[in-house]
Amino acid sequence: MVESSPSSETPSADAVVTLDGVSVAYGKALALREVTTSFRPGAVGLLGPNGAGKSTMIKALLGFIRPTEGTMRVLGLDVTTSPLEIRSRIGYMPENDGHIPGMNAVSFVAYCGELAGLRPVDAMQRAHEVLYYVGLGEARYRNVETYSTGMKQRIKLAQALVHDPDLLFLDEPTNGMDPKGRDEMLALIRDLGHNKGVNLILCSHLLPDVEHCCEHVVVMDKGRIATQGPIEELKGPKGHVFEIRAKDGHDRLVAACRAAGFECHETDQDVMRVFVPEGLGARDVFALAAREGLQLRHLRPSLPTLEDVFAKAVGDS
Amino acid sequence: MPIHDQGYRRYGGGKDARGQAWLVIARAGIKTMVARRLFLALLLVSWVRFLYECIRVYLATNFGQFSVLATTAQTFREFLEFQEVWVFFITIYVGAGLISNDRRANALQIYLSKPLTRFEYVAGKAATLAVFLLGVTWVPAMLLLIIQGLFAGSFAFVREHLFLLPAITVYAFLQVSLATFAMLALSSMSKSARFVGIMYAGLIFFTDAIFAMLKFLVKASSASLVSPTQNLAQLGDVIFRVPPRHDTPAVASLLVIVFLLVASIVILERKVRGVEVVA
Chain A
22 MVESSPSSET PSADAVVTLD GVSVAYGKAL ALREVTTSFR PGAVGLLGPN
72 GAGKSTMIKA LLGFIRPTEG TMRVLGLDVT TSPLEIRSRI GYMPENDGHI
122 PGMNAVSFVA YCGELAGLRP VDAMQRAHEV LYYVGLGEAR YRNVETYSTG
172 MKQRIKLAQA LVHDPDLLFL DEPTNGMDPK GRDEMLALIR DLGHNKGVNL
222 ILCSHLLPDV EHCCEHVVVM DKGRIATQGP IEELKGPKGH VFEIRAKDGH
272 DRLVAACRAA GFECHETDQD VMRVFVPEGL GARDVFALAA REGLQLRHLR
322 PSLPTLEDVF AKAVGDS
Chain B
135 MPIHDQGYRR YGGGKDARGQ AWLVIARAGI KTMVARRLFL ALLLVSWVRF
185 LYECIRVYLA TNFGQFSVLA TTAQTFREFL EFQEVWVFFI TIYVGAGLIS
235 NDRRANALQI YLSKPLTRFE YVAGKAATLA VFLLGVTWVP AMLLLIIQGL
285 FAGSFAFVRE HLFLLPAITV YAFLQVSLAT FAMLALSSMS KSARFVGIMY
335 AGLIFFTDAI FAMLKFLVKA SSASLVSPTQ NLAQLGDVIF RVPPRHDTPA
385 VASLLVIVFL LVASIVILER KVRGVEVVA
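Chains A and B, in that order, give the protein sequences. For what it's worth, the numbering used here labels the leading residue of the first sequence as 22, then goes sequentially. For what it's worth, the numbering used here labels the leading residue of the second sequence as 135, then goes sequentially.
Derived by calculation from the structure, the hints in this document are not laboratory data. Where hints are given, some of them may not hold.
[What the hints assert, rightly or not] Distance ranges between label pairs, derived from CB positions:
id	chain 1	residue 1	chain 2	residue 2	range
1	A	Ser44	B	Ile399	23 to 33 Å
2	A	Glu106	B	Leu185	43 to 53 Å
3	B	Gly146	A	Gly197	31 to 41 Å
4	B	Asp342	A	Gly197	30 to 40 Å
5	A	Ser44	B	Ala384	47 to 57 Å
6	B	Val179	A	Thr92	33 to 43 Å
7	B	Val385	A	Glu90	41 to 51 Å
8	B	Glu215	A	Gly158	50 to 60 Å
9	A	Asn125	B	Glu215	34 to 44 Å
10	B	Tyr186	A	Glu106	50 to 60 Å
11	B	Phe253	A	Glu254	43 to 53 Å
12	A	Glu159	B	Arg152	33 to 43 Å
13	A	Gly197	B	Phe253	29 to 39 Å
[To be verified] Result set (DSSO-like, lysine-lysine): computed pairs, CA atoms no more than 30 Å apart in a straight line:
id	chain 1	residue 1	chain 2	residue 2
14	B	Lys325	B	Lys405
15	B	Lys165	B	Lys405
16	A	Lys173	B	Lys325
17	B	Lys149	A	Lys217
18	B	Lys405	A	Lys49
19	A	Lys173	B	Lys149
In this text, a Cβ means the ideal position worked out from N, Cα and C, and glycines have one as well.
With the sequences and hints as input, model every part of the structure.
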């Protein structure tokens with residue numbers, strides 16, 4: 022992500038991916054609506070709820086889907102005119118399970134390397150290396166079809182890495198993984214983005230995954246860019262965040278907060294997160310509750326999270 | 135300090151020029167098939183007729199009393215026609231899973247995210263099947279022609295029947311192309327190799343059955359147009375300069391074959407994609 026301002030959508034010169042007025046339609050349904058954005062080098066998260074258009078954007082960038090309008094550039098190359106040059110420099114880890122049937126892991130990854138132009142000997146050597154890197158070293162002679170879900174995720178990462186891409190598209194890389202496997206996968210992604218100089222776009226609806234691996238984020242909703250920018254800046258210190266719970270009259274408290282200009286986000290429990298503007302504090306929340314005749318049973322200062330940014334962006338859009 | 139760093143390293147080696155991916159796909163496909171003993175047995179059995187023809191040529195060229203077995207242009211026509219049985223079995227064995235298995239395993243998105251075109255993908259898959267089919271049609275037929283010369287001690291037969299070189303080549307490639315593209319098209323339409331095999335067998339037997347029925351009803355063989363096998367046989371007769379077996383004009387049979395090839399390519403164009411869009 023290039024832009025520091027969430028509202029700005031001007032493509033940047035050093036961006037690895039740029040989209041300019043891109044629309045994609047599946048029949049009559051618009052999946053992307055005149056999207057203009059850019060992804061800066063490094064690790065960038067592509068966030069959004071299911072159906073927001075994240076995977077569609079990735080597939081359009083890969084050349085799988087042709088946009089109805091707009092232009093896209095990846096690593097400075099036009100997606101329409103140079104799809105093969107682009108694909109030789111990118112790695113794609115698809116969302117769904119995907120493998121070449123009847124192959125063991127090392128043959129599969131080496132085969133992918135050869136498809137990307139590596140010589141057979143180099144491809145085999147790289148296959149062994151990346152399989153060790155993703156943690157499948159001991160299972161590399163097993164048929165991929167016998168792998169667990171977590172192992173299948175790892176092998177998808179391995180096949181995306183084997184030809185040493187300059188840019189990685191990771192579509193929901195932690196899908197179906199157990200907590201330990203998920204942490205390991207996120208550590209790998211973070212390592213690639215931060216220590217190995219691989220640019221990556223991490224497409225996910227899991228906010229903690231993106232927050233863990235990326236410094237920048239593009240939030241999508243309903244086929245549009247809802248917000249974008251550096252995560253820290255988006256979370257920005259523009260007030261205080263409190264977690265509060267009222268004894269009764271939860272709905273009244275929400276209404277009162279909103280009427281007072283406080284932003285409220287519900288959580289999965291009866292606790293809600295209230296964003297109090299700069300200059301105001303906990304006393305003002307108590308005063309508000311007192312005016313409404315409500316008892317606050319819980320009030321705890323909190324920190325803004327990516328979840329808040331996401332909720333706000335999606336809510337706004 | 136680890137003896138060997140097993141972390142990720144950037145690749146510093148070279149890469150092959152693009153356009154070679156179809157070879158990678160074909161090589162992998164052939165390697166996979168050759169590793170199967172059952173398939174090797176099938177290949178061996180498919181060469182039995184070749185051995186029989188070799189013995190026949192040897193006897194006819196070296197022993198006068200076997201001159202009745204002398205090689206003619208018809209010999210090659212019959213040989214290739216006989217080999218159609220093996221073309222059928224090999225097409226089903228090798229071809230049914232070529233694309234359908236990739237569809238089942240979501241491999242198309244993996245393939246097409248690499249620097250290769252859809253054309254290269256199909257070319258690689260087609261080459262996998264075509265190599266084996268040519269291996270039981272064109273290769274033994276050409277070898278038989280050479281062996282005839284070697285056993286006879288002169289290539290007078292080849293010189294007198296020079297048209298056999300293009301005839302064998304054209305017919306074998308026609309036979310192989312039709313089987314390859316029809317099978318690939320069917321394979322791209324399903325995720326089950328078994329179902330594809332049944333569809334292919336159904337296509338061949340069902341159309342032949344319709345032809346037989348129509349022939350019986352109208353008492354004329356012009357109904358051969360409905361059967362790909364009969365159209366191919368009709369063209370084979372013309373190519374090998376033997377009397378055509380059906381009343382159908384050869385051009386009409388050729389048009390049917392061309393139509394089937396074009397239809398197969400259109401199906402492949404629509405089905406072989408990185409994503410399946412259901413609008």
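If you test the structure against every hint from before, which numbers come out violated? 4, 6
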